[in-house]
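Trainee: With the hints as extra help, turn the sequences into a complete structure.
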Amino acid sequence: MTNPCLVFHDVTLGYNRHPAVHHLSGTVEAGSLTAVVGANGSGKSTLMKGIIGVLKPMDGEIVNAGQASIAYLPQQSELDRTFPARVIDLVSLGLWPRRGLLGRIRPEDREALTKALSAVGLEDFEKRPIDTLSGGQLQRALFARVLAQDAELILLDEPFNAIDAKTVVDLVALIKRWHGENRTVMVVVHDLNLVREHFPETLLLARQPVAWGNTAEALKPENLLRARRFDEAWREDAPWCEPEDNHADADGHGHHGHSHEHDGHRHSGTHAA
Amino acid sequence: MYELLIAPFVDYGFMQRALAGCLMLSLSGCPVGVFLMLRRMSLTGDAMAHAILPGAAAGFLLYGLQIIPMTIGGLVAGVIVAMAAGIVSQLTIQKEDASMAAFYLISLAVGVLIVSVRGSSVDLMHVLFGTVLALNDEALSLIAIIAAITLVLLGIFWRALVAECMDPLFLRSVSWLGTPVHFIFLGLVVLNLVGGFQALGTLLSVGLMMLPAAAARFWSARVGPMCLLAILIGFLSCVAGLLLSYHASLPSGPSIILSAGAIYGLSILFGTRGILNTRVRHHRHRTA
Chain A
1 MTNPCLVFHD VTLGYNRHPA VHHLSGTVEA GSLTAVVGAN GSGKSTLMKG
51 IIGVLKPMDG EIVNAGQASI AYLPQQSELD RTFPARVIDL VSLGLWPRRG
101 LLGRIRPEDR EALTKALSAV GLEDFEKRPI DTLSGGQLQR ALFARVLAQD
151 AELILLDEPF NAIDAKTVVD LVALIKRWHG ENRTVMVVVH DLNLVREHFP
201 ETLLLARQPV AWGNTAEALK PENLLRARRF DEAWREDAPW CEPEDNHADA
251 DGHGHHGHSH EHDGHRHSGT HAA
Chain B
274 MYELLIAPFV DYGFMQRALA GCLMLSLSGC PVGVFLMLRR MSLTGDAMAH
324 AILPGAAAGF LLYGLQIIPM TIGGLVAGVI VAMAAGIVSQ LTIQKEDASM
374 AAFYLISLAV GVLIVSVRGS SVDLMHVLFG TVLALNDEAL SLIAIIAAIT
424 LVLLGIFWRA LVAECMDPLF LRSVSWLGTP VHFIFLGLVV LNLVGGFQAL
474 GTLLSVGLMM LPAAAARFWS ARVGPMCLLA ILIGFLSCVA GLLLSYHASL
524 PSGPSIILSA GAIYGLSILF GTRGILNTRV RHHRHRTA
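Heads up: the protein sequence lines correspond to chains A and B, in order.
Numbers 1 to 273, taken from this note's numbering, label the letters of the first sequence in order.
Numbers 274 to 561, taken from this note's numbering, label the letters of the second sequence in order.
Certain hints may be false.
Coverage of chain A stretches by chain B, computed from C-beta distances (three or more under 8 Å per stretch; other residues unrestricted) [to be verified]:
| id | region |
| --- | --- |
| 1 | 72–82 |
| 2 | 91–102 |
Pairs of lysine to any residue residues, derived as SDA-like cross-links and limited to a Cα-Cα distance of at most 25 Å, are as follows [said to hold, decoys possible]:
| id | chain 1 | residue 1 | chain 2 | residue 2 |
| --- | --- | --- | --- | --- |
| 3 | A | Lys115 | A | Asn182 |
| 4 | A | Lys127 | B | His558 |
| 5 | A | Lys127 | B | Gly544 |
Some chain B residues near chain A, calculated using beta-carbon distances under 10 Å [claimed, not checked]:
| id | residue |
| --- | --- |
| 6 | Leu311 |
| 7 | Leu427 |
| 8 | Phe430 |
| 9 | Ala433 |
| 10 | Ala436 |
| 11 | Phe443 |
| 12 | Ser446 |
| 13 | Val447 |
| 14 | Arg490 |
| 15 | Ser493 |
| 16 | Ala494 |
Hint data in this document are derived by calculation from the structure and do not stem from the laboratory.
Owing to the predicted nature of the structure, the values given are computational and were not obtained by experimental measurement.
For glycine and all other residues, C-beta sits at the position ideal for the given N, C-alpha and C.
Mentor: Here it is as structure tokens:
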């Protein structure tokens, strides 16, 4: 019954030996649609970077079980908007996984690009320079690029930031279409109503996973409260995370019995529940 | 008219060679300049030009004023500085502009030291400012080889260069080419500067690379056409500069660069994306 797309084995990701995602274990099923929810600094973007491999885990491993091709839309795109390119040039970057460095762009590719642009409602924007786009139009263009990538696993990091209501509706429809096409989709979202309405699965992060599973279950008030009660700051005097201390549960609820900096003000080494 | 524009190139072998050398340099250097500019690395070319000096000087010290040893020396010095700066910026939090500045200044000091140990200031002037009117066969074939290598590499890595420039994080998420292509590009910069220094000197060869690129930015909103336009502006500057130098008895290097500078100035004003077109209020506007 289970057909894993991504498997996390006790993954810890972070910067300068400070964990940003702490002891995450679990499985993302192929074809699932998961919302990744959590406060700022709770490790959502770090998790995404870990999945695409830009950031190597400090501990544990992330297994791309089916060797799924990945399309990733980052929160802080490094896109240079002053670069002299048209919308069509930006979207055609999405052909890279199929055509690579030297592969010829074929007629069916052009057709795919045109379709991608019309799917996001940018039919007449092909020749527009990208420095003339509004924020919402640019986000639509980036979604079109994800479409062109035709990936099995799609990661979207806060795609609805500063996006108007109508565009959000359009983009959510696109995400559900991907879900319907049996692609695996993970989306970082802040709007809990949106999550409850459209996302079957939710991963609630507060550096370590607080809850992961059915959305209604994961977003229960007590979980949300627990997710809010974590200390965002790093502590230079935080004790080391020792292997025998790791009770990273199989269900990903590794929040018991740690004596790390995220235990707030009680970093005396005693267990904070 | 013929006397003014054509005759100098028909009558004199040295003018033909100078023209051939400069045109080839434009052909390969101008697109490289466009990418330097788009990566906000316009001044990096200048830094690299300084960085080449100790290598060229070492070649000069060992073999005298000969093109091959000086070129190889310059290439080695340039690659070392580019690599060192690139590696420091990739492995530490220091940005590439800072590491580049540090390494090129060290390199420049070493270069001046080497030249002063043996050469006179005349020699130093020669290395710094070049002599386009004295290009020999050796130098011309070297420039031809460099142009060929550059065009082939640009052709092969074009898509990666554009992607790396437009959205580096995206390229990293779909391909491992991001870092290699950055170093290949820095290699091309060094190669073209070294190619230019016999003709224009280490300091001015960067001018033929950057000025046409900077001018072309005001005319085009796409990379491909921008590169072609930059090459065209480079060609124009070479012809105009050499003629100016011939008729007015001015040094050729500065004449070429100043011609490019003049085109740059006109482009700022009259380019489709220049001041007059974007800043002047138009009487009418469209409804959508």
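Trainee: Now look at each hint and say whether the structure bears it out.
Mentor: Comparing the hints with the structure gives:
1. 72–82: It holds, with 6 qualifying residues against the three required.
2. 91–102: holds (count 6)
3. A:Lys115 - A:Asn182: The hint holds at about 19 Å.
4. A:Lys127 - B:His558: The hint holds at about 20 Å.
5. A:Lys127 - B:Gly544: 20 Å, holds
6. Leu311: With Cβ-Cβ at 6 Å, under 10 Å, it holds.
7. Leu427: Where the cut-off is 10 Å and the nearest Cβ of chain A is about 13 Å from Leu427 of chain B, the hint is violated.
8. Phe430: 7 Å, holds
9. Ala433: 6 Å, holds
10. Ala436: Hint holds; Ala436 of chain B Cβ to chain A Cβ min 6 Å, cut 10 Å.
11. Phe443: Check passed: Cβ of Phe443 of chain B comes within 6 Å of chain A, closer than 10 Å.
12. Ser446: This interface hint holds because 5 Å falls under the 10 Å limit.
13. Val447: Cβ of Val447 of chain B sits 5 Å from chain A, so the hint holds.
14. Arg490: With a minimum Cβ separation of about 8 Å from chain A (threshold 10 Å), the hint on Arg490 of chain B holds.
15. Ser493: 6 Å, holds
16. Ala494: 5 Å, holds
Going through the hint list in order, the structure does not satisfy hint 7, though it satisfies all others.
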